[in-house]
Amino acid sequence: MQRHTIAVLVNDQPGVLTRVATLFGQRGFNIDSITVGGSEEAGLSRMVISTGGDDQQINQLMKQLYKLIDVISVTNLSANPFVSRELALIKVSASPSQLAELNGIVEPFRAAIVDVGPESLIIQVTGDTEKIDALLILLQSYGVLELTRTGSVAMTRSIVPADAAATV
Amino acid sequence: MSVEIAELNSKRSMPPIQFGEEVSGAETLLRCLILEEVEHIFGYPGGAVLPIYDSLYGSYFKHILTRHEQGAIHAADGYARATGKPGVCIATSGPGATNLVTGIATAQMDSVPLVCITGNVAQNLIGTDAFQEANITGITIPITKHSYFVRDVRDLPRIVKEAFHIATTGRPGPVLIDIPKDVANAKAPFYYPEEVNIRAYRASLVPSDEEVNTFVKAISSAKKPVILAGGGIIAAGADKELLAFAEKTRIPVINTFMGLGGFPGVHELSLGMPGMHGSYTANQAILQADCVIGLGARFDDRITMGRTKEFAPNARIVHVDIDPAELGKNVATAVTVAGDVKSTLQKALPLVSACDSQAWIDQLKEWQQQQPYKYKKEDGVLKPQAVIELLYNTTEGEAIVTTDVGQHQMWTAQYYKFKHSRSFISSGGLGTMGFGFPSAIGAQIANPDRTVIAVVGDGGFQMTNQELAIVSQYNIPVKVVILNNQCLGMVRQWQELFYDNRYSEIDLTCSPDFVKLAEAYGVKGLRASTQEEAERVWAEALEHDGPVVIDFRVAPAENVYPMVASGNTLDQMELGEE
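Residue numbers (this note's numbering), protein chains in the order written: chain A, 33 to 200; chain B, 61 to 638.
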């Protein structure tokens, strides 16, 4: 099963998230992650949803999504080169004395320590999913007390190959 | 007080509408319905819709008070299927609204245009688990084409306008409008928008010339072509176009269950219904065709038997549908046209010529003669198939026939040869028992001069038979044909064939005396147990100028054949006994 990242432009109306999420369940798809927020146009929100399925299944899902009255467009971002970013906050078990050591780990990831307490500290990291997964592996030995991730926000790159339309 | 059905259909002049006048949400709703040319409303009052029912009091509308909300929505559904116009029903909040759920899902599965109006508790009570509060918009998200919760009375006209537009255009379907009581009471100057503006909504889909050319090219060289015509033909009003197309191209036509009547069942090119209980010839045609042309059909699992890769193994599949999501959903297709089937056929008709299909047609005719639908006649036993043949012969295929779900439904589809669009009304997708009788009421109200027959089983009839009250009240002359086999016949059939004759909970011998039940409601009741009695009482029923319930006591152990068992392919047909 391939991973796909789909952007769904929707009316910013009460209940729209429920309609979209219900459709995934109704058609037998799992939502791996979802982000919702404003878009370039007032009154519209953009959802970026990660899910799995083969090409035929994803095509069917996109067509069904497009049938929702509140859906304006559906784009399979992963059909073309695209930029994807996720934010994670990671609370690690560590004392202030370990700050320097941890800074050495987070700096190559362009992550930052954003809060320090007597027994724990919080690391903020942005990047694609793989980068955050890699940092998490390094931090496991300290003990990850708490983790919160946003899911991906993503968009197609400015230059994409010709004949690569992925919108229904 | 008895009101005649004629009065339900009397033409009343539309009351003048004052624009700009300050009126309540309830009054606003009714004015919008008038402007949408609604005449009949099926409904049931309750606390949250009191303002709407107050506005209805003495109004222009003919409101039919069913005895259960499920009756109201199935009647609205039958009305819509018989006319193509949207059906309208009203229910109160909470249980009233949830009683609509089966009817909404039924309409959604069969693409029927409905506008369902529910009341809800006032907005200051929403979310407090108030008396008769239910989140009906949330409950119905997966089974509506769209739904609205009205927050502000000033939005109501736009919402009603959009609801009718969405319900009736594109692939039709049910739309729900939930109106909290404070909105029904709130006042605003009345207006009605002239136009609908729903961004990215495809109300119609006319295929491009290029798509039509590809479609025409794909079928032109076929030697063994067959059309699979679905409910989309009827929904699009494309029956005349289909007839012209089939006759010009000389391509035989299979009607899916939902498509029955979309092509005349008596036409020389008609092959009948395919699938699980379809005709031998229709299924053979799919198996041997070199080109299957799906027109407004969705290749569902009662036709493909879920074996989509083995479906039509020798054919290129060409598929036309107004819903792009249906293209490639179930079967792999060679050519697809995302478009309204009526405009597609209109554009294709001048471009097509006769296929070289005569040898194929001759072969199909030979199969039809060798393997018609058949059943074993037994002296002194009334066969259910014979009852349907009787209905067909006496009405000459001109009646509107509705059904419940089960054996009687399949026998009706097999033995009644529908000549016209919008004449066969049955829950094909959801398979809703209890649908037949109330949908016949709606169909009859829309067609007071046609014979309307509800073919039901003794099981399904007991799910909605309380609506005898309204056929009696309004003298709605529906003929209720009960094929009474004293059991849940289709379940019995499966238990016999696949569960080693272990007949689990199918015994309906303790049902009421249906003749007395009819009489208790003031409706004529008749009974027949032999072929002779059947012919006599049916003649009497047709003569009777009012509703009739006929209890046909049919053979209890009769099975529906042909049959393709679930999981088998269409070549594995059980044909039944001679």
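Do not rely on the hints blindly, as some may be mistaken.
[Claimed, not checked] Derived lysine-lysine pairs resembling DSBU-like cross-links, with alpha carbons at most 35 Å apart: (1) K437(B) to K369(B); (2) K479(B) to K99(A); (3) K145(B) to K99(A); (4) K95(A) to K300(B); (5) K425(B) to K277(B); (6) K122(B) to K99(A); (7) K221(B) to K99(A); (8) K300(B) to K584(B); (9) K99(A) to K369(B); (10) K99(A) to K425(B); (11) K221(B) to K369(B); (12) K443(B) to K425(B).
In case anyone wonders, no lab produced these hints; they're calculated from the structure.
Results of checking the hints against the structure:
1. K437(B) to K369(B): violated (39 Å)
2. K479(B) to K99(A): Cα-Cα ~33 Å, so holds.
3. K145(B) to K99(A): Distance of about 22 Å is within 35 Å: holds.
4. K95(A) to K300(B): holds (30 Å)
5. K425(B) to K277(B): holds (26 Å)
6. K122(B) to K99(A): Holds, because 34 Å separates the two Cα atoms, which is no more than 35 Å.
7. K221(B) to K99(A): holds (19 Å)
8. K300(B) to K584(B): violated (39 Å)
9. K99(A) to K369(B): Satisfied, since the Cα-Cα distance of roughly 26 Å is no more than 35 Å.
10. K99(A) to K425(B): Distance ~41 Å between K99(A) and K425(B) Cα, so the pair is violated.
11. K221(B) to K369(B): violated (43 Å)
12. K443(B) to K425(B): Measuring from Cα to Cα gives roughly 27 Å; hence the hint holds.
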